[in-house]
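Chemist: This is what each chain is made of:
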Amino acid sequence: MSDRTTSVDYVPTSEPYDAELAELERTYEPHANPFWAWVTSVDHKSIGKRYIITCFVFFILAGLNAGVMRLQLARPENHIVGPDRYNQLFTVHGTAMMFLFAVPVMTAFATYLVPLMVGTKEVAYPRLNAFGYWTFLIGGVFLFAGLYTNTGPDAGWFAYTPLSGPEYSPGKRVDIWAQVVTFTEIAALVAAVEMIVTILKMRAPGMSLNRIPLYVWSILVVSFMIVFAMPSVAIASTAMLAMDRLVATHFFNRAEGGDPLLWQHLYWFFGHPEVYIMFIPGLGFVSQIVETFTQRRVFGYPVMVLSLFVTGFVAFGLWVHHMFATPIPQLGRTLFTAASVLIAVPSGIQIFCWIATIWAGRPRYATPMLFALGFIAVFTIGGLTGVMIASVPFDLQVHDTYFVVAHFHYVILGGVVFPLFGACYYWFPKITGRMLSETLGKWHFWLFFVGVNVTFFPMHLLGLDGMPRRVYTYLPEMGWGNLNLIATMGAVTIVASVAVFLVNVAKSSVAGVVAGDDPWGASGLEWATSSPPPAWNFHPLPVVTSRAPLWEEGGEMPVATGLATDRREVLITTALDAVPDNRHEHPGESHWPLVMAIAVGVTFIGAVWNPWAYVVGFVISAVAFAGWGWPRGTKPEDQVTTGRLPSAEAR
Amino acid sequence: MLQGGLRGALNQSVLEASGPQAAKVEKLWWFAFTTAAIVYVLTMAALWWATRRARRRELRGELLDDAYAEPRMTRGVTWATAATLVILLLFLGADLLVGRTLSPIPKKQPLTIELTGHQWWWEVQYADTSPHGRFTTANEIHIPVGEPVLFVLEATDVIHSFWVPNLAGKKDLIPGYTQSVWFQADTAGVYRGQCAEFCGLQHAKMALQVVAEPRTKYEEWATKQRRPAENASDPTASRGREVFLTGTCAMCHAIEGTSAGSHAGPDLTHLASRRTIAAGTLPNTRGALAGWIVDPQRIKPGTRMPPNYLKPQDLDALLTYLQSLK
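Each protein sequence line maps, in turn, to chains A and B. Counting from 22, one number per residue, gives the positions in the first sequence under my numbering. Counting from 53, one number per residue, gives the positions in the second sequence under my numbering.
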């Protein structure tokens, strides 16, 4: 692959260019004090990195919760934890895995990767990006602070009313849950908006819609899904549930004309798309990995993209299949069954396309590829059981049993965590400049693969054998002991595999093999810049002439010049064909996003104890708003310019 | 210790159907499982073959040839997708068929049981056209074999879910809503059911038993259940009755034929006739009963029943009385 283009090949090394780089260096120079630089940073790579690390910390904490639960269930009538603690553990496990890991870790990777993959200098709305991260961090810390002070939410990650209402969940536990959801919703929504704008308006010249990498497509689809799905749960939890609990409204109180089922509809209208919001980016990871490690463009690009869109649309028509045991008219149930069955088609098509690509390509079995193959093997089982439980009669038997626990862990571990680990191995060299160890990587993969199957496969059988979910113990006479013990041993294996991964990351980030710009011989723009990339990602900007820019014959890449280097200027291109449209100056470092996030934190954390926190928070956020938007002044030479670029200059 | 209690009551499996509804779902499961297994094996075989083919070709040093590969990939993906669609539609058809046959109750006036979910026990009321025919019990449902039985489901606190896997699928009990579900047991036996919707601290220990028995035996049982509790004849039992009525017990529990009439907890009129106590948690033995009365929080932490500090002789009398409530 060394004969193919890398950044070194296309960068003209002339004196004016060196002067431009020096100027960029000054423009993007962070604050001298490293702590203050960290606090004020608006660089999508810096934010992306801390976002990824934060998500993994929450993943490990929530995983440890699951470990305690597995120990408790290893034997019947076990006494490691009581019901009160157990209910907190499983609630926080689910809440953290969904709201603090599976969705945000995808956001985190997208924050880092998307601007690089579409060939632009920054993410759209960089300050908003920083604000999203700080908000997320405050929310996540709040949840675990609750758990570790024995105030962890205990009504399930789905918090069904009336169990989660003021009468049956007194105390502050569920309030913490409701507000944590709000924090993560805000973070997810702002990230979605940034991604949509970055992808539609900031692509490198020439990257028309039909040249967007499949991973970037997947992020575009989930970002739109987030915009439509998240408000539903935000309204339900922050507005309605929190108000029912805090100021005695009656949205879900049947006795006063409210309706407990309203909660379920609002919750699952978000909750089901959420599943796809989690694993569609995983599909994107797999596409990138399969492409690179077969050295062949993924077969059926238009079909792959359409499949993502179909999944995104149909995902909004499935929510009632979580509610088949509630009063739902027969016809309605049939509609949701049909939708739930047919959503398997687009996922199936993608799997077939990857298999075809592997068949036609030259596969190399490096660790990222192993995780991609593991994804197919594990996720397919989850998909097949998903089709089964779309059937109302069958679902009514296994709904809320361990069969469903097995099903969605196969989907989420298969569809989210396998591709995610693959992505870690794949992009680690880009992010750190060093390769992860392949030996440890293979240990990690095989331990994880075995662990996941040993943990979750027996749960199918337990469910069929009548074991319900969310039970802190079971009677010895039920005969569920052995399968549970096996599942617990699997969980221990998973812990070991994640430990291997952490050791690998720790070792390799100091002593790993130094990676070049493009260690895998990949095709995408993110590999055209250095590893790790400079603060401005690209200078000059790459110009894209095909779907696999680095695999172009001739090994040279055209570039676009003309962006100012004395300010943070980005190129705005048209949505369809990515024709340069205008230049836009981005704001620099700022501490105001953090202040704003603190205002949000004061508001929602304070509101758990006193509704007046909303007023206090409003005042602080008004100050933060003013600081954030304080006019930067306009340079004299800019005062009349419209800043239109002549055209992309090809070399 | 387990005789007549928990042993033999552990039948809680989807795959050991004892009624027409569960049987149909069991068939649907085996159909779905077989199809899914075939699909999975084929997919994995295709994946394996794809990886091997590339390796073989690599050994021969062949180059990638789009003209050769593209049409074959198109064909492969198209056929695989078509097969997927056909299989999914087949499954959808099977599902609709099963769904249709399960819905209507095949009898005009079935035995009707009103089931109310409480944190964390089941209130069972047998409906009857005459008020004298009605009776109330808890956590144990007797039904005649071979007849469809209709359940009217309600809840007073939070959402619960009624599920007896050997007989039929589940249905939620939702405060403010009334739902119904029916099933039929084809063979006599004891079937265990368990709350399937998370309902708080003791969700794990909210079970019930369905005792399916021949019609005559069922009638015998029902006749006995309709009667008020017999007056305690032996002096210890009388003393126990005193303890019950003057202590805290009567504040929550009802015993027909006495002044105890509260329905905050399970009706105890015929407690001794039941196989288990504490919602299917313990066998109904003297020892278990004693342990439960003295410290229920040890057995079901969080349960609404408080600990009872009774003098030994009072406890003994109370147990004798409760065990006389046949």
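Think of the hints as simulated: they come from the structure by calculation, not from any bench. Quick caveat: nothing in here was measured; it's all calculated off a predicted structure. Where a beta carbon is used, it is the ideal one built from N, C-alpha and C, also for glycine. Some clues are possibly wrong.
Not close to chain B: a few residues of chain A, all C-beta gaps over 10 Å, as computed [what the hints assert, rightly or not]:
#1 Thr75
#2 Thr172
#3 Gly338
#4 Thr358
#5 Pro384
#6 Phe415
#7 Leu523
#8 Glu610
Examples of chain B residues lying across from chain A (beta carbon under 8 Å, computed) [to be verified]:
#9 Ala84
#10 Pro156
#11 Asp347
Chemist: Taking the hints in turn, state whether each one holds.
Modeler: Hints, verified against the model:
no. : hint   : result
1   : Thr75  : holds, 29 Å
2   : Thr172 : holds, 16 Å
3   : Gly338 : holds, 15 Å
4   : Thr358 : violated, 6 Å
5   : Pro384 : violated, 5 Å
6   : Phe415 : violated, 6 Å
7   : Leu523 : holds, 29 Å
8   : Glu610 : holds, 47 Å
9   : Ala84  : holds, 5 Å
10  : Pro156 : violated, 11 Å
11  : Asp347 : violated, 14 Å
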